[in-house]
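There are 2 protein chains.
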Amino acid sequence: MKTTTFKIEGMNCDACANTIKKLVEKEPGVRVAEVSFDEGSARVLYDPQSIEEERLVDTIQKPGFRVVARD
Amino acid sequence: MKTTTFKIEGMNCDACANTIKKLVEKEPGVRVAEVSFDEGSARVLYDPQSIEEERLVDTIQKPGFRVVARD
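Protein chains in written order, with UniProt numbering: chain A, 1 to 71; chain B, 1 to 71.
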């Protein structure tokens, strides 16, 4: 399992954060996503054998949010 | 082309509405989606030959919003 933290722009409220959490947690291979509106970040625990980091970025960005950094 | 209006619960702000708009407009067969946070609704213009109404409901609900009525 691997954890990646994504810095995200475009969240406007806690509901936005929850939207991202639910979208990411529906992806296969993702165990948990902690998304914080206050910090503008998502910390995702996932199996890198099942899903690539790039796919996580796509999932976050699909509704219009922007991933501006990751580590 | 067909227009369906969905009543949606769970939107918290304009960014939530924009999130739904972008997700729905990425679906094949959808021409335009007008989503209003104030009204709690989405009006979607789409080609019913390309996408079923049920699929639109799934798309709206995937991040956790709830479709409570449609016409």
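There's no promise every hint is true.
[To be verified] Derived lysine-lysine pairs resembling DSSO-like cross-links, with alpha carbons at most 27 angstroms apart: (1) B/LYS7 with A/LYS7; (2) A/LYS21 with B/LYS2; (3) A/LYS62 with A/LYS2; (4) B/LYS22 with A/LYS62; (5) B/LYS26 with A/LYS26; (6) B/LYS2 with B/LYS62; (7) A/LYS2 with B/LYS62; (8) B/LYS21 with A/LYS7; (9) B/LYS21 with A/LYS22; (10) A/LYS21 with B/LYS7; (11) B/LYS26 with A/LYS21; (12) A/LYS7 with B/LYS26; (13) A/LYS26 with B/LYS21; (14) A/LYS2 with B/LYS2; (15) B/LYS7 with A/LYS26; (16) B/LYS22 with A/LYS7; (17) B/LYS62 with A/LYS21; (18) B/LYS22 with A/LYS22; (19) B/LYS7 with B/LYS22; (20) A/LYS7 with A/LYS62; (21) A/LYS21 with A/LYS2; (22) B/LYS22 with B/LYS2; (23) B/LYS7 with B/LYS26; (24) B/LYS26 with A/LYS22; (25) A/LYS62 with B/LYS21; (26) B/LYS7 with A/LYS22; (27) B/LYS21 with A/LYS21; (28) B/LYS7 with B/LYS62; (29) B/LYS21 with A/LYS2; (30) B/LYS21 with B/LYS62; (31) A/LYS26 with B/LYS22; (32) A/LYS26 with B/LYS62; (33) A/LYS62 with B/LYS62; (34) B/LYS2 with A/LYS7; (35) A/LYS21 with A/LYS7; (36) A/LYS7 with A/LYS26; (37) A/LYS2 with B/LYS7.
[To be verified] Label pairs and their computed distance ranges (CB to CB): (38) B/THR4 with A/LEU45: 21 to 31 angstroms; (39) A/ARG66 with B/ARG43: 36 to 46 angstroms; (40) B/THR5 with A/ASP71: 41 to 51 angstroms.
Calculated directly from the structure, the hints in this document are not laboratory data. Built from N, CA and C at the ideal position, the CB exists for glycine as well.
Hint by hint, here is what the structure shows:
Between B/LYS7 and A/LYS7, the direct Cα distance comes to roughly 32 angstroms. Violation of the 27 angstroms bound is thereby established for this hinted pair. Note on A/LYS21 and B/LYS2: the hinted pairing is violated, with a Cα-Cα distance of about 32 angstroms set against a maximum of 27 angstroms. Between A/LYS62 and A/LYS2 the CA atoms are separated by roughly 22 angstroms; this keeps the pair inside 27 angstroms, and the hint holds. Between B/LYS22 and A/LYS62, the direct Cα distance comes to roughly 7 angstroms. Compliance with the 27 angstroms bound is thereby established for this hinted pair.
About 18 angstroms separates the Cα atoms of B/LYS26 and A/LYS26, which keeps this hinted pair within 27 angstroms; it holds. Pair hint B/LYS2 plus B/LYS62 holds up; C-alpha atoms about 22 angstroms apart against a cutoff of 27 angstroms. Proposed proximity of A/LYS2 and B/LYS62 is supported: the alpha carbons are some 24 angstroms apart, at most 27 angstroms. Between the alpha carbons of B/LYS21 and A/LYS7 the distance comes to roughly 23 angstroms, so the proposed pair stays at or under 27 angstroms and holds.
For the suggested pair B/LYS21 and A/LYS22, the alpha carbons sit about 17 angstroms apart, so the restraint of at most 27 angstroms is met. Straight-line distance between C-alpha atoms of A/LYS21 and B/LYS7 comes to about 23 angstroms, which keeps the hinted pair within the 27 angstroms bound. With a C-alpha separation of about 19 angstroms, the suggested pairing of B/LYS26 with A/LYS21 holds against the 27 angstroms cut-off. Between the alpha carbons of A/LYS7 and B/LYS26 the distance comes to roughly 23 angstroms, so the proposed pair stays at or under 27 angstroms and holds.
Between A/LYS26 and B/LYS21 the CA atoms are separated by roughly 19 angstroms; this keeps the pair inside 27 angstroms, and the hint holds. Between the alpha carbons of A/LYS2 and B/LYS2 the distance comes to roughly 44 angstroms, so the proposed pair goes past 27 angstroms and is violated. For the hint pairing B/LYS7 with A/LYS26, the CA-to-CA distance comes to about 23 angstroms; that is within 27 angstroms, so the pair holds. Distance hint between B/LYS22 and A/LYS7 is fulfilled; the C-alpha atoms sit about 20 angstroms from each other, no more than 27 angstroms.
Taking the CA atoms of B/LYS62 and A/LYS21, the gap is about 11 angstroms. The hint holds against a cut of 27 angstroms. For the hint linking B/LYS22 to A/LYS22, the alpha-carbon distance of about 16 angstroms falls within 27 angstroms, and the restraint holds. A distance of roughly 17 angstroms separates the Cα atoms of B/LYS7 and B/LYS22; the hinted pair therefore holds under the 27 angstroms criterion. Distance restraint check for A/LYS7 and A/LYS62: the Cα-Cα separation of roughly 15 angstroms lies within the 27 angstroms cut-off, and the hinted pair is therefore satisfied.
Under the criterion of a C-alpha separation no larger than 27 angstroms, the hint pairing A/LYS21 with A/LYS2 is consistent with the structure, at around 17 angstroms. In summary, the hint linking B/LYS22 to B/LYS2 is supported, as the alpha carbons are separated by about 19 angstroms, within the 27 angstroms threshold. Of the supplied pair hints, the one linking B/LYS7 and B/LYS26 holds, its CA atoms being roughly 20 angstroms apart against a limit of 27 angstroms. For the proposed pair B/LYS26 and A/LYS22, the alpha carbon gap of about 18 angstroms is at most 27 angstroms, so the pair holds.
In summary, the hint linking A/LYS62 to B/LYS21 is supported, as the alpha carbons are separated by about 11 angstroms, within the 27 angstroms threshold. With a C-alpha separation of about 20 angstroms, the suggested pairing of B/LYS7 with A/LYS22 holds against the 27 angstroms cut-off. For a cut-off of 27 angstroms, the pair hint linking B/LYS21 to A/LYS21 stands: about 18 angstroms separates their Cα positions. Note on B/LYS7 and B/LYS62: the hinted pairing holds, with a Cα-Cα distance of about 15 angstroms set against a maximum of 27 angstroms.
For the hint linking B/LYS21 to A/LYS2, the alpha-carbon distance of about 32 angstroms lies beyond 27 angstroms, and the restraint is violated. This hinted pair checks out: B/LYS21 and B/LYS62 have alpha carbons roughly 13 angstroms apart, not beyond 27 angstroms. For the hint linking A/LYS26 to B/LYS22, the alpha-carbon distance of about 18 angstroms falls within 27 angstroms, and the restraint holds. Simply put, A/LYS26 and B/LYS62 have alpha-carbon atoms about 8 angstroms apart, close enough for the 27 angstroms limit, and the pair holds.
Simply put, A/LYS62 and B/LYS62 have alpha-carbon atoms about 12 angstroms apart, close enough for the 27 angstroms limit, and the pair holds. Distance hint between B/LYS2 and A/LYS7 is unfulfilled; the C-alpha atoms sit about 39 angstroms from each other, more than 27 angstroms. This hinted pair checks out: A/LYS21 and A/LYS7 have alpha carbons roughly 14 angstroms apart, not beyond 27 angstroms. Proposed proximity of A/LYS7 and A/LYS26 is supported: the alpha carbons are some 20 angstroms apart, at most 27 angstroms.
Taking the CA atoms of A/LYS2 and B/LYS7, the gap is about 39 angstroms. The hint is violated against a cut of 27 angstroms. Range check, B/THR4 to A/LEU45: Cβ separation about 37 angstroms, and the 21 to 31 angstroms hint is violated. Distance hint for A/ARG66 and B/ARG43: a CB-CB separation of about 26 angstroms, inconsistent with the stated range 36 to 46 angstroms. Range check, B/THR5 to A/ASP71: about 43 angstroms between beta-carbon atoms, so the 41 to 51 angstroms window is met.
Hints 1, 2, 14, 29, 34, 37, 38, 39 from the earlier list are contradicted by this structure; the remaining hints agree with it.
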